[in-house]
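Chain by chain, the residues:
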Amino acid sequence: MEYAIIHNNALIHLDEIPKLNYDAFFELNTGLVRDHPERHCVSYFGYRSDNSLRLICCIADDNSCEIFVSSCQVSCRQQLEAMTSRALCFERYEREIHENFGIAYLNHPWLKPVRYPFNRADRSQAIAGYPFYAIDSDELHEVGVGPIHAGVIEPGHFRFICKGEQILHLEIQLGYQHRGVEELFLRRKKLLQRVTLAENIAGDTVAGHTVAFSQVWESLSGMEIPRDILFSRTLALELERMAIHTGDLAALCTDVAYQLGNAVYGRLRTPLVNFFQEWGGNRLAKGLIRPGRNTFPFTEQLASRLKTVLDTYEPDFEEMSRMLFRLPGTLSRFERTGVVSTEDLLSIGAVGMSARMGGLNRDIRSSHPSLLYETLGHQPVIKHHGDVLSRVLLRRDEIRQSMQYLRQLIQQVPAVSPETEVPVSLQPGMFALSLVEGWRGEICHCAITRPDGELAHYKIKDPSFHNWMALALSVRNNEISDFPICNKSFNLSYCGHDL
Amino acid sequence: MLSFLLIVIAALFFTGIINRTKSIFSGRKGPGIFQPLKDVMRLFRKESIYSDTTSFIFRLAPSVYFSSVVMAMLVVPFGQSKGLISFSGDFIFFAYVLALGKFFNIIGALDTGSSFEGMGASREALYSMFAEPAFFVLIGSLALLTGYTSFHEIFAAFHLGSPISYALAVLAAFVIGMLMMIENSRMPFDDPKTHLELTMVHEVMILDYSGFDLGLILSAGMLKFAVYGAMIVNLFIGIFPYQYAIPMFFAIQAGAAIITGGIESFMARFRMSHNVQFIFALTSVSLLIFFGALLILGKFS
Numbered sequence: 000m001e002y003a004i005i006h007n008n009a010l011i012h013l014d015e016i017p018k019l020n021y022d023a024f025f026e027l028n029t030g031l032v033r034d035h036p037e038r039h040c041v042s043y044f045g046y047r048s049d050n051s052l053r054l055i056c057c058i059a060d061d062n063s064c065e066i067f068v069s070s071c072q073v074s075c076r077q078q079l080e081a082m083t084s085r086a087l088c089f090e091r092y093e094r095e096i097h098e099n100f101g102i103a104y105l106n107h108p109w110l111k112p113v114r115y116p117f118n119r120a121d122r123s124q125a126i127a128g129y130p131f132y133a134i135d136s137d138e139l140h141e142v143g144v145g146p147i148h149a150g151v152i153e154p155g156h157f158r159f160i161c162k163g164e165q166i167l168h169l170e171i172q173l174g175y176q177h178r179g180v181e182e183l184f185l186r187r188k189k190l191l192q193r194v195t196l197a198e199n200i201a202g203d204t205v206a207g208h209t210v211a212f213s214q215v216w217e218s219l220s221g222m223e224i225p226r227d228i229l230f231s232r233t234l235a236l237e238l239e240r241m242a243i244h245t246g247d248l249a250a251l252c253t254d255v256a257y258q259l260g261n262a263v264y265g266r267l268r269t270p271l272v273n274f275f276q277e278w279g280g281n282r283l284a285k286g287l288i289r290p291g292r293n294t295f296p297f298t299e300q301l302a303s304r305l306k307t308v309l310d311t312y313e314p315d316f317e318e319m320s321r322m323l324f325r326l327p328g329t330l331s332r333f334e335r336t337g338v339v340s341t342e343d344l345l346s347i348g349a350v351g352m353s354a355r356m357g358g359l360n361r362d363i364r365s366s367h368p369s370l371l372y373e374t375l376g377h378q379p380v381i382k383h384h385g386d387v388l389s390r391v392l393l394r395r396d397e398i399r400q401s402m403q404y405l406r407q408l409i410q411q412v413p414a415v416s417p418e419t420e421v422p423v424s425l426q427p428g429m430f431a432l433s434l435v436e437g438w439r440g441e442i443c444h445c446a447i448t449r450p451d452g453e454l455a456h457y458k459i460k461d462p463s464f465h466n467w468m469a470l471a472l473s474v475r476n477n478e479i480s481d482f483p484i485c486n487k488s489f490n491l492s493y494c495g496h497d498l
Numbered sequence: 000m001l002s003f004l005l006i007v008i009a010a011l012f013f014t015g016i017i018n019r020t021k022s023i024f025s026g027r028k029g030p031g032i033f034q035p036l037k038d039v040m041r042l043f044r045k046e047s048i049y050s051d052t053t054s055f056i057f058r059l060a061p062s063v064y065f066s067s068v069v070m071a072m073l074v075v076p077f078g079q080s081k082g083l084i085s086f087s088g089d090f091i092f093f094a095y096v097l098a099l100g101k102f103f104n105i106i107g108a109l110d111t112g113s114s115f116e117g118m119g120a121s122r123e124a125l126y127s128m129f130a131e132p133a134f135f136v137l138i139g140s141l142a143l144l145t146g147y148t149s150f151h152e153i154f155a156a157f158h159l160g161s162p163i164s165y166a167l168a169v170l171a172a173f174v175i176g177m178l179m180m181i182e183n184s185r186m187p188f189d190d191p192k193t194h195l196e197l198t199m200v201h202e203v204m205i206l207d208y209s210g211f212d213l214g215l216i217l218s219a220g221m222l223k224f225a226v227y228g229a230m231i232v233n234l235f236i237g238i239f240p241y242q243y244a245i246p247m248f249f250a251i252q253a254g255a256a257i258i259t260g261g262i263e264s265f266m267a268r269f270r271m272s273h274n275v276q277f278i279f280a281l282t283s284v285s286l287l288i289f290f291g292a293l294l295i296l297g298k299f300s
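Protein chains in written order, with numbering that gives the first Met the number 0: chain F, 0 to 498; chain X, 0 to 300.
Treat each hint with caution, since some may be false.
To be verified - Coverage of chain X stretches by chain F, computed from C-beta distances (three or more under 8 Å per stretch; other residues unrestricted):
1. 14–26
2. 133–144
3. 192–198
4. 259–268
Since the hints were derived computationally from the structure, they do not count as laboratory data.
Remember, it's a predicted structure, so these values are computed and weren't measured experimentally.
Even for Gly, the Cβ is constructed at its ideal location relative to N, Cα and C.
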């Protein structure tokens, strides 16, 4: 076998992952994804072992629920043929490996820095000297936006090349939010410190990242998870999805200057996040999810409260959505704006919402289900036009779907299981992988343990990692004044990308 | 003199009413009606900060812009009372003195060298260019209908001929109302509340102004609203006596402000490329008024 087959949240001994030479590794992984729309790369990273670099590539197959893991031992001074030359979805992974370890890739079309990490291979490069794609023309002009964003959200620099009002090219430079999260996971030894780190990978995906971390931790320590914890996590993920989608709808209304929509959706979001406060003491669900423990059991009282919250939410949400999707003004702004083709989404390996809005069925909840999603029988919502309207409609439909799941779940609140001891030591020499469908898309956490049971490497992949490229493609040939709604309709994470 | 005073009074509360309407429609309590005025007063007490890349043009622009609006105000009449200045052909003076102010606003924005402000300036120039024919065809038709060429005489004689002219006045009010939105960069052409530089038109041009200069620009905007409101009032009041005309003036001004607030609450903004189409379509509405004027004059029989 050239690769090991694992399932979501599974554990595999490091020695069981086949070590190939780079040529075989290259052929295997590019061959796996090329012409296979059901497969995509969920994680590809390198870590130092035995004075050389071990590359690990995980390709997920959505039809068979399998993840193909293969590896390859290379030296940092080696020159390697870029897999990007065959399959574009490896583009950012290879840039990351190049930046972190200094591997020189041949035939990589866009070998630029990703995020300027503090422990990068080439310290002489600084974020101020990013090599932007430039033009030399009297007809075209460049517009630079950021890194300070107009809405004082997160920092990122956008460089447009425009012909008048029309965007020809957009290059997105990130890295301003880099905190060294992956490195901190290794340095902080306490579980509480690590789970707090996971909560803060991206402030809007607290439930998503914490569930991914907890699942990795639990499979590494060999814990069985009782149903009440799975229940709480599913509930938290769906509630987070609803809350963030509602907030996004409000923000999209702001961007087309539709005040009513902004006011109503904004008001609707508040009771949802307040319910998190009621449940776990924090509006962003921080502290709610802990590996192996049910810190805030979901009670019958909370279930009836959630039912009231949903019952008051639903009529207003439906009324507002009817108005929003009947108003010619908003429709004319959303329709056929920021279109990304299915082929492009496929080639860049888009995941989550950004894939589903363009006709690509990528949803971990149905393809690699964990938690209670199998019992819910999840069917992903798919839109086909790839424009802003598709992304807005996708949000509306996913909110409805999540609402239905929440109602279904709280009909049967499982009894609280007795608290079990969380093991402090992890199984040595293991590789663990967890995939979670956060509201934005597929979150992938991978961990590798040393022979002494300590973490050797921790790798995080936020869906934004792939999807920023989808934004850059979507704005081509659009008016520059439509960039804000394109950006907001993707609502990607800066800090989730920069780590 | 009367029109000057009335316009200044109307300007004091116009933007306040818009903001208050918007806040009520969105379920907020909202700021008081005089909040925009208080903001301007606060800005007048503050110092202006200038960027190193700007020249004297940038400093000159707000004053020229403000004084152009005040000059335009002078020729606006009120029913049977003349404006402070009135001469034949004063509507041309009105249009181009406003254009002069806008020109300085645009070159002031270009002076900063910012790519955003350049974009905003080019958009504003484009819109003004397309809005100009609508204004001239409109006032030209009224001049043709009445046989006079000064604002005061046109408006005084507008309804003397036949009551059908009120139908034309409604069309004209629509055109002037839309010009008011364009000139003041309001919805659905521009969103004064947006924080996104890439979508701004007027707001992005004044990004670099601060303190006293910003106060001048904002107060010029408030005056401009009332000036266009006064034009709409003039279309209807004709030679009504003052005891009816003055309440009508304030009612129409307040109504215009509330309608503006309503538009900004319940409509989305146009796509940038549709703005030009829409503005150009205003000219065809003006042409309707032109044909109406020809009909009334019996040119087709």
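Please verify the coverage claim for the segment 259–268 of chain X: does it have three or more residues whose C-beta sits within 8 Å of some C-beta in chain F? holds (count 6)
Count residues of the segment 14–26 of chain X with a Cβ under 8 Å from any Cβ of chain F, then say if the count reaches three. n = 4 at 8 Å, threshold three: holds.
Tell me if chain F covers the segment 192–198 of chain X under the three-residue, 8 Å CB rule, please? Check passed, 7 qualifying residues.
Are there at least three residues in the segment 133–144 of chain X whose beta carbon sits under 8 Å from a beta carbon of chain F? Per the Cβ count (0), the hint is violated.
The earlier numbered hint that this structure contradicts is number 2, and it is the only one.
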